[in-house]
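Chain by chain, the residues:
There are 4 protein chains.
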Amino acid sequence: MKRKVAILGATGTVGQRFIHLLDGHPWFEVSVLAASERSAGKKYSEACKWRMENPMPEAVKDMTVVKTNLKEVKQVGDVDLVFSALPGSVAGPIEEEFAIKYPVVSKASAHRMSRDVPLIIPEVNPDHLQLIEIQRKMRGWNGFISTDPNCSTIQLAITLKALMKFRVKRVIVSTMQAVSGAGYPGVPSLDIIDNVIPYISREEEKMESETLKILGTLRNGEIQPANITISASCHRVHVKDGHMEAVFVELEEKPDIDDVKKAFREFSGEPQRLKLPTAPEKPIIVREEKDRPQPRLDRNAGRGMSVVVGRIREDSIMTIKYLCLGHNTIRGAAGAGVLSAELMVKKGIL
Amino acid sequence: MKRKVAILGATGTVGQRFIHLLDGHPWFEVSVLAASERSAGKKYSEACKWRMENPMPEAVKDMTVVKTNLKEVKQVGDVDLVFSALPGSVAGPIEEEFAIKYPVVSKASAHRMSRDVPLIIPEVNPDHLQLIEIQRKMRGWNGFISTDPNCSTIQLAITLKALMKFRVKRVIVSTMQAVSGAGYPGVPSLDIIDNVIPYISREEEKMESETLKILGTLRNGEIQPANITISASCHRVHVKDGHMEAVFVELEEKPDIDDVKKAFREFSGEPQRLKLPTAPEKPIIVREEKDRPQPRLDRNAGRGMSVVVGRIREDSIMTIKYLCLGHNTIRGAAGAGVLSAELMVKKGIL
Amino acid sequence: MKRKVAILGATGTVGQRFIHLLDGHPWFEVSVLAASERSAGKKYSEACKWRMENPMPEAVKDMTVVKTNLKEVKQVGDVDLVFSALPGSVAGPIEEEFAIKYPVVSKASAHRMSRDVPLIIPEVNPDHLQLIEIQRKMRGWNGFISTDPNCSTIQLAITLKALMKFRVKRVIVSTMQAVSGAGYPGVPSLDIIDNVIPYISREEEKMESETLKILGTLRNGEIQPANITISASCHRVHVKDGHMEAVFVELEEKPDIDDVKKAFREFSGEPQRLKLPTAPEKPIIVREEKDRPQPRLDRNAGRGMSVVVGRIREDSIMTIKYLCLGHNTIRGAAGAGVLSAELMVKKGIL
Amino acid sequence: MKRKVAILGATGTVGQRFIHLLDGHPWFEVSVLAASERSAGKKYSEACKWRMENPMPEAVKDMTVVKTNLKEVKQVGDVDLVFSALPGSVAGPIEEEFAIKYPVVSKASAHRMSRDVPLIIPEVNPDHLQLIEIQRKMRGWNGFISTDPNCSTIQLAITLKALMKFRVKRVIVSTMQAVSGAGYPGVPSLDIIDNVIPYISREEEKMESETLKILGTLRNGEIQPANITISASCHRVHVKDGHMEAVFVELEEKPDIDDVKKAFREFSGEPQRLKLPTAPEKPIIVREEKDRPQPRLDRNAGRGMSVVVGRIREDSIMTIKYLCLGHNTIRGAAGAGVLSAELMVKKGIL
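Residue numbers (our numbering), protein chains in the order written: chain A, 2 to 351; chain B, 2 to 351; chain C, 2 to 351; chain D, 2 to 351.
Take every hint as true, because none was put in to throw you off.
Straight-line distance between alpha carbons at most 20 Å, and here's what the computed SDA-like set of lysine to any residue pairs gives: (1) B:K50 / D:S202; (2) B:K347 / B:Q273; (3) C:K3 / C:E59; (4) B:K5 / B:K75; (5) C:K62 / B:R288; (6) B:K75 / B:E30; (7) D:K44 / D:S32; (8) A:K62 / D:V287; (9) A:K348 / A:R274; (10) C:K50 / A:Y200; (11) C:K291 / D:Y200; (12) A:K291 / B:G187; (13) B:K44 / C:E290; (14) C:K291 / B:E54; (15) C:K291 / B:R52; (16) A:K62 / D:R293; (17) B:K291 / A:E209; (18) A:K291 / D:P56; (19) C:K291 / D:S202; (20) A:K50 / D:K291; (21) B:K50 / C:E289; (22) C:K291 / D:E206; (23) C:K291 / C:I258; (24) A:K255 / B:T230; (25) B:K276 / B:R4; (26) B:K291 / A:E206; (27) B:K50 / D:Y200; (28) A:K62 / D:K291; (29) C:K291 / D:E209; (30) B:K283 / C:E59; (31) D:K283 / A:E54; (32) B:K62 / C:V287; (33) A:K291 / D:W51; (34) B:K291 / B:R314; (35) B:K50 / C:V287.
Just so you know, the hints here were simulated from the structure itself, not pulled from any lab data.
Chain A extracted, bound-state conformation (with noise of 0.2 Å):
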């Protein structure tokens, strides 16, 4: 028996890659499709202009889809899980609403810092689904909420996981970001085209902020946020998918570059041992090529969920420097919070 899914913001991109992800899943199936008015009472495939390059799964064309609130959802059947991509915008009340019932899982970035709510990267922190029972206690809820983290954040946060054994200290990136990013329409072609943007709005807070609640750690029911510093400069980049990061990353200890290679190769996490059905063998592939990663060469690695990281090297300043890349909207979005509900079924929390 499959779990029952509902989708919140199903006709946006965010959404309609979750339903991409879910087709076929061998745990999960979508029963419920959610959006704004405008949407309610279509069918999803007269409601939604798919733009992905796979075509709509026959599944959901004739799903009718039902407005964003409680008391919809519940009419439409039994639903197990709650994912939502809606707006960071609305996201906000509206989940808090569906977490009375049902367990949700976020893309979202409303409810990421707060104090009781995992902020989840299954590789890197699954012990800090945790704090569900202390927040469901908390807030009397019979469901709960659980986040990912920005799609910037995740992959930056897998690579210095790994590098933490070296004890990370400081960390400055720069990134060269997909215009997926911004959702659609998002960026227009009149701003991209012979350009770069060098602005994402509060895009550099999430990466500084949510890497430390990510790499902190559970004490006493709180997390203490990581003791490193980090600075980001963020930035659009004429690529569709796939976000570049130029990091540089100062550690306590001086490891070999092989030793940072042997890091990167070996990383593992409750995924891969799990077995997880989307989970990549590897969370993170080093390439050797000096002009690798490249974002459409290698954003789809692992089916877009490994992490690539190249051309690393000693550093002047800090201690090393490298190159990563991840699918924004998979790895760095529908694939997280896929994965993410796949870690709780395994502990139970499903």
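Based on these hints, arrange chains B, C and D on the given structure of chain A.
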């Protein structure tokens, strides 16, 4: 009477840009166009596939291209100055041959780091031109070689010069560079469509070493490199012209952001004082908008000779961070050469 | 004394282009900027996100934007002429309101096909301005409405006009149009990166009908459409500015290719005869290179007012085929309006 | 037992695509990789800069590349079939040399229009394979040469074949072609960023002549070209993969649009009947959306082997017009060769 100019590598993109910038120049006129054997003997309009947005100046269309060697160039007639736009791989010995007789202002990398060759940015280190006299004596040349830095170095060095009053200690820079920096045919479209290439051959080394020479001090006939450490990560993005750089700078002093902006805004040098024809009114333009500079909107500031700086902010690891942008084929290439030559005229070197 | 100009839709991309083209105009000066309620009351520099490559003219920065209605505009002061850069969906009634009092030169599609409204390309059908007198009488207006054609129509019609001496019968045209034709935000980058969109709403209909009116004959106060059949297929490609059109034309006569080129080259009209300020020296420029015209290299020919034609060759089905290119936001939009207004001044209509 | 395959030009982009498509093929296995002198003697993984999105198949990584001549290839071992991905300029004599001994299925243009060489699209003209027997006799070869059409021709010819029942008379086609059609390095990014190049060397001639041979009739051992006139205008746009074509067709009969759609939808050929491994389920897919096909969304339909047709509408000059799209390096290149070879297997020719 205008000074007569020979251009080596006249059919390439930098050579074309020299011709474009010298069209109607008050002090210089093009008198010899030299290129490879394949072009020699042809009219320039036949030898050259013109790629500038402006049309080919009438004055050069019917000039006969000569081979790039001293004998051929001498036969054409008077030459007061040679601009070298030769590929780095062949420039070395050819420029030395020409320097026996002529002043050579070179965009090629071959001699940039030679001890007796100045590496000039007219606003930054005009005093380094004193090396020319030493060079002439040592080498017994009538002419000399003076070089312009690498395109990504020039704009960085101009911004750092403005910060030297706060004592620059360490610099981390991550670049997003235009494809025109690779010349023609240069970067294949198959490599850069929907992509980033995180590697530019020898670019990081150039930024890390040239900048120290440029900001260095001439003492007893030698340049003491500046006591600064620079770490660069260089990347090619889908932009035609205009290099963007995310810069993180550690300063010994801790100025207010307003003082930093003031230092950028008020920065000025010999070219401005001497009102050189190609000098921009402001070497550095500070933009206050949160999403500037942008290559397409800002690369032509100051007719391509200004560096545009934006998003100046405090940094939690270094002292400040900012973005800077320069037109890589104007300020970063042919414009740099023309401005250097103008400075030499005013200094009595030409 | 310059004529005072109001611009409706002043904050949009066509409105901005009008401001750019009227900066320093010898006959016109901008006196009123009107826009939507959201912008009204603000300084233009605050209301408008300026997207032109040239900086915003000083003269408009501090002008206060007013609402787009006759009463508000009248209160600001004298207006001799109104340029309408309104969206097609709202232009109709607003332009009629303004025409009661003012001459309106409109880029909007609302009135283009109205029987008593001229659809003007100054080089092609200046005599159609006679409709204005008829319009004024019929409608009892002090002002009037004159319209400019759709951007893709203008350049096609100019080239066809030059061919009318060979008696044009049938025209097949396949376009490759720039994203700026869709305004701002317009085409999402997610839709056009690594892609072509083979559909532009109502574009084919406009090319097929407007051209016949423009090339038609004014007889007894009515325009008899030209006896030509046009079939268009319109497509959006990844280009910022400059529409390219592959044109196949059947002619009754069978001229030599050289005669066709001559007809293009020698084509000239009232704007050239009258030396209107915005008139290009040559309405049509013929390029002989096998790979021209190209949008990036040719769109600024004649300061964006020339149509560039190339690859003129015999056709095995129709009579000839060729490529033509025009700058869609200059010759195809704001420049068309300014040139029309200049013609009206010389004709005593303004 | 799989048939052993040699690939000539194995390091180029078409060669790579052959390797990609033959990876795991049920009937063929790669046994020899031949390339230019520069690559000969190296491991394939060292000789080849792999540019496919999928990783290089393990099976070829350690294969030693041999020089492209018969002697070298013979020495490596058994070969049942040669795929030629050679550049058109050198393919002629080399393929003839190989044909003395081996069946050669060629993507090169050298022999396409030779009277005794079939130019095959398996769905369109499988009977033309009969030329092979004639060719062998005339030339005294053990092997033979069979060719695949030009990439832009294949997709056009497939759609025209489906329309032959309405008696095609004349065809005007205007293309928007991907840069991958020019191979690697191919189109420089400086030429295509923010641009269209309205010329592809010899492309129009190929479309206009090859199509007539493909749609022609084999009679008395000779192909009578189809009695159709085609006029093409070919243009390169900023798309990585996927050629788009705007097609205007004159038919003797005047079918309803619904009949045309039906003819496209029901079109099927030998590859479908024989269930060839690389055959798409549907050679032609009809899309009803007003803005399809689009290269990025549709090029992988039928694993890159289907042609996607859309915007089928009546035409006021010809009879109908439509857009068609095909993956130029799969259906238009290596996939065409593999499908041809599969057909030959089933026909007993291999």
